[in-house]
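Asker: With chain A fixed as given, assemble chain B onto it according to the hints.
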Amino acid sequence: MPGPPAGLGPLLAAPTIIAHGSDELKRKYVRAVLTGEHAWCQLFSEPGAGSDLASLATRAERDGEDFVIDGQKVWTSAAQVADYGLLLARTDADVPKHRGITCFALRMDQPGVEVRPLRQMTGDAMFSEVFLTGARVPATDIIGEPDGGWVVALTTLAYERTGLGARAGAGFAVTAPGGSGFRAQREVPAAEYVAAVRRRGPGRAGYGAGGMAMLGSGAAPLIQLAIDLGREQDALVRQQLVRLHTLSLLNTWNGQRGRAAVKAGGRPGAEASIGKLMASQIARLWRDTAAEICGPLGMLAGPIGPLDGAVAMQALAAPAPAIYGGSDQIQRNVIGERVLGLPKEPDVSRDVPFRELKTGTQRQEARPL
Amino acid sequence: MTTFAFTDEQQDLRAMVRRFLAEKSPVSEVRRLMATESGYDPAVWAQLGQLGLAGLTVPEKYGGAGCGPVEQLIVCEEMGAALLCAPYLASAVLATWALLASGDAAAQTDLLPGIASGETIATLAVPEDDGSWSPDEFRVTARRSGDRYLLDGRKSFVLDGMIADLILVAASSDHGPALFAVDADAPGLSRQPMQTLDMTRKQAVLTFSGTPGRLVGQSGAAAEIVAQAIRGGVLALAAEQVGGAQRCLDMAVAYAKVRHQFGRAIGSFQAIKHMCADMLLEVESARSAAYHAAWAAADGAADLPLVASLAKAYCSEAYFHVAASNIQVHGGIGFTWEHDAHLYYRRAKSAEVMLGTPAAHREVVAGLLLKDAAT
Numbered sequence: 001m002p003g004p005p006a007g008l009g010p011l012l013a014a015p016t017i018i019a020h021g022s023d024e025l026k027r028k029y030v031r032a033v034l035t036g037e038h039a040w041c042q043l044f045s046e047p048g049a050g051s052d053l054a055s056l057a058t059r060a061e062r063d064g065e066d067f068v069i070d071g072q073k074v075w076t077s078a079a080q081v082a083d084y085g086l087l088l089a090r091t092d093a094d095v096p097k098h099r100g101i102t103c104f105a106l107r108m109d110q111p112g113v114e115v116r117p118l119r120q121m122t123g124d125a126m127f128s129e130v131f132l133t134g135a136r137v138p139a140t141d142i143i144g145e146p147d148g149g150w151v152v153a154l155t156t157l158a159y160e161r162t163g164l165g166a167r168a169g170a171g172f173a174v175t176a177p178g179g180s181g182f183r184a185q186r187e188v189p190a191a192e193y194v195a196a197v198r199r200r201g202p203g204r205a206g207y208g209a210g211g212m213a214m215l216g217s218g219a220a221p222l223i224q225l226a227i228d229l230g231r232e233q234d235a236l237v238r239q240q241l242v243r244l245h246t247l248s249l250l251n252t253w254n255g256q257r258g259r260a261a262v263k264a265g266g267r268p269g270a271e272a273s274i275g276k277l278m279a280s281q282i283a284r285l286w287r288d289t290a291a292e293i294c295g296p297l298g299m300l301a302g303p304i305g306p307l308d309g310a311v312a313m314q315a316l317a318a319p320a321p322a323i324y325g326g327s328d329q330i331q332r333n334v335i336g337e338r339v340l341g342l343p344k345e346p347d348v349s350r351d352v353p354f355r356e357l358k359t360g361t362q363r364q365e366a367r368p369l
Numbered sequence: 001m002t003t004f005a006f007t008d009e010q011q012d013l014r015a016m017v018r019r020f021l022a023e024k025s026p027v028s029e030v031r032r033l034m035a036t037e038s039g040y041d042p043a044v045w046a047q048l049g050q051l052g053l054a055g056l057t058v059p060e061k062y063g064g065a066g067c068g069p070v071e072q073l074i075v076c077e078e079m080g081a082a083l084l085c086a087p088y089l090a091s092a093v094l095a096t097w098a099l100l101a102s103g104d105a106a107a108q109t110d111l112l113p114g115i116a117s118g119e120t121i122a123t124l125a126v127p128e129d130d131g132s133w134s135p136d137e138f139r140v141t142a143r144r145s146g147d148r149y150l151l152d153g154r155k156s157f158v159l160d161g162m163i164a165d166l167i168l169v170a171a172s173s174d175h176g177p178a179l180f181a182v183d184a185d186a187p188g189l190s191r192q193p194m195q196t197l198d199m200t201r202k203q204a205v206l207t208f209s210g211t212p213g214r215l216v217g218q219s220g221a222a223a224e225i226v227a228q229a230i231r232g233g234v235l236a237l238a239a240e241q242v243g244g245a246q247r248c249l250d251m252a253v254a255y256a257k258v259r260h261q262f263g264r265a266i267g268s269f270q271a272i273k274h275m276c277a278d279m280l281l282e283v284e285s286a287r288s289a290a291y292h293a294a295w296a297a298a299d300g301a302a303d304l305p306l307v308a309s310l311a312k313a314y315c316s317e318a319y320f321h322v323a324a325s326n327i328q329v330h331g332g333i334g335f336t337w338e339h340d341a342h343l344y345y346r347r348a349k350s351a352e353v354m355l356g357t358p359a360a361h362r363e364v365v366a367g368l369l370l371k372d373a374a375t
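Protein chains in written order, with my numbering: chain A, 1 to 369; chain B, 1 to 375.
Same shape as in the complex, but just chain A:
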C-alpha cells in the first residue's frame, strides 16, 4: 500500500536509476519510489567485501531472459521491508574486479531471497543478512551497462556520502527510545508524514531512512538536558556544548556553501566531500558531551535513563556513522585522492582477473566461479 517514501529509495535507488537507468527503468521505478509504492534496499556489502567493495563475489549468471543470482549480502538496511534491492553482482570473473560487475533491480519478494535480521549493538535490528540462492532477475532490469556496474555503484556511493553527511547538520537525528522499525515507518499515513515534514523540515520528519525519530536538533536537546540537570554553569560542559553546536552549524553551512557554488553555475567544491566525515565526528561529540553532562546518570538506559534513554541509545549508536556508507577511513581516501589529488594506495589486486584473486569469500571458501 502506498505510504511515505521508505527505505533507501529516495536516497540511493532513485538518483542512481535517474543517472544510469534506461527511460523504461526510470518510468518503472522512480515514480514508485516517490509515491512510496516501492521500498528499496541496497545489496552492496558482502561478508568478504566491505571497504573493498569491488571484490564482491555474489554471482549473476545468464539463464535465458533472466540472470540467476547466488551469494550473500550483509549490513542491508531496510531489507525486511524492501520491495526491491539495488544489487551488485559479478557477471564476469575473467576480468579485473572493477570491470566484471553488473547492477540490477532485484525483486525481493521471491523464493531465492532470504532475509535474516541482524541484531546491532544497540539491540535494534535495523539491518539484515540477505541470502541469495537461485534468485532471478530479468535482464531488462539491469541498471546501466552489463559489466558496467562499478560506474553505477560509484554514483550510488556518492549520493550516499553526501546524503548521509547532509543529514547530520543542525538536523542531526537522535534515535528515539525503544528504536523504531521500518515496518512502523511504512505504516505511517502519508498525510501524517507530510505534516511532520512541514513541521520540522525535509529530512527531519522523524521517519527517515534510519527510522529515527527526532528529539531535537544539534546541541539543543543537550543544552536543555544540562539546564534540567543543573549542569549548565559547569565550564567544561559549556565548552563541550559549544563545540557540538559549532560542528552542527558548520556541517549545515558547508552544505549551504556547496549548494551556493552549484547555483552560481560552478561545481560543488571540496566542502561537499566532508559532510560524511563531519557527521561521524558530530555523533561522537554528541555522545561525549552527553556523558560529560550526565555523569553517573550516563550509566542508565531505557526509560530511567537521561532523555528517556536517548542518551544511552545515542552512546550505542555513535560508532555507526563512522562505519556505514563508507567508513571514515574510506572517506579520507576519497577526499585525499579525488579532492586533493594525492596518489592512490597501490592495490596489488587491481589488475588481476577476479577469478585469480584470493580475496574476500574466495579466500575463505576458494569456491570456483
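Hints are computed from structural coordinates only; laboratory data are not their basis.
Since the structure is predicted, the reported quantities are computational estimates derived from the model, not experimental observations.
It is possible that some hints are incorrect.
As the list claims (entries may be wrong) - Cut-off 35 Å, straight-line C-alpha distance, at most; resulting in silico cross-link-like pairs (DSBU-like, lysine-lysine):
hint: 1; chain 1: A; residue 1: Lys-358; chain 2: B; residue 2: Lys-257
hint: 2; chain 1: A; residue 1: Lys-344; chain 2: B; residue 2: Lys-371
hint: 3; chain 1: A; residue 1: Lys-344; chain 2: B; residue 2: Lys-349
Answerer: Chain B alone, transformed into the frame defined by chain A:
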C-alpha cells in the same frame, strides 16, 4: 541572509588583491620585513592606500571605499595567505572600526581620511600588562586639562605600536572608560618593541606620562566602542586564519605528492593522506564559519555576536592544527628556519590567542546559547 555567493565585483577584488600580494609580498619580502623593527614596507603600504584597501570599510564621505564586512573578509583572507607584513589589522580594521563605532562625527571627519588614504597609520591600544582585550578596568588614566585630556600609564600588546601615527587609547576617566586619540609625536609618549612569536606582526609597549589626548566618542562609552572594534578584528582574523590555513594545506599536499620514501610518494600512504583529508575538513569548515560570520555582519544579523565568536574559536584552532600538521607532513625539512612552514605556525599560534582565546570565545557563545535556551 547568508548567501555564500560573491558578486562579480567581489571576485574582481579578490583577484586584484591576490595579484598585488603575489607581486609585492612574496615570502622573500615577508622574511626581509619580519627582520626589521618597523615590520612593513612604506611603499607597499602607500600602494594599499592608493588601491583603496587601507580605507576599504571607511565610508566614501571620509575618503574610503565604503565597502563592508564581506569585502574585508576577502582582503584579509588573501593577506593571511600571503602573511603580508603591514599594519592592516591595526589601522584598517581595529582603529577604523573603533572610530566608526564611536559615533563621533568630528573625530571621524578629522581622522578617517588620513587612515583611508594610508597616510596615517592608526592603531587601537586596549590591552595592558596582562594582554586582555576586555579588562575590568583600565589602569591607564585620563584627566581633564582644559579642552584636552592628559594620559598616564602603560599599554602593552599594541599592534604596530612602533610605527603608528595615531593611537586610539582606551583609558579610565572621571566619567568611566573612554577612548582618546593620541598623536605619535605627542609629549610624554615613549614606545618599546615587544619581542613576538609571530615576527610578521609587530607589537609594542607604549608609556604615557602626561600625554595629551583627544576624547573620541562619549566619555564612558569605551567598552561598547572597543567591543565593536574587537568584533571587526575577530572577523578579520578569522578570514586571515582561513587564508593561512588554506596555504598550509596547499603546501602539505604539494609536498606529499613529490616527496618519495619507500619507493613511492608519501601522499599515497594513508598515514599522510588521512592527515591531509582532516586538514581539508578543517580548512573548509573554517571557511564556512568565517564566511558566514562576514555575511552576518554585512546583514546586521541579530546573532552576529554568537557567530563571530564561534568563527574565531573554530578558525583559530583549525589554523593552528593545520599549520602544525603541515610541519609534520614535511618532516625534518619543515622544522628548519629556511622552510616557510614555521612562519605560518607562528602566525597561527599568535592569532589563536589574539583578541580572545578559543575557550574565551566559546564561553561567549555558551552564554548566548544558554540565554536563548532559557527564554
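Asker: Is A:Lys-358 within 35 Å of B:Lys-257, Cα to Cα?
Answerer: holds (31 Å)
Asker: Straight-line Cα separation of A:Lys-344 and B:Lys-349 no greater than 35 Å?
Answerer: holds (33 Å)
Asker: For the pair we were handed, A:Lys-344 and B:Lys-371, check the Cα-Cα distance against 35 Å.
Answerer: violated (49 Å)
Hint 2 from the earlier list is the only one contradicted by this structure; the remaining hints agree with it.
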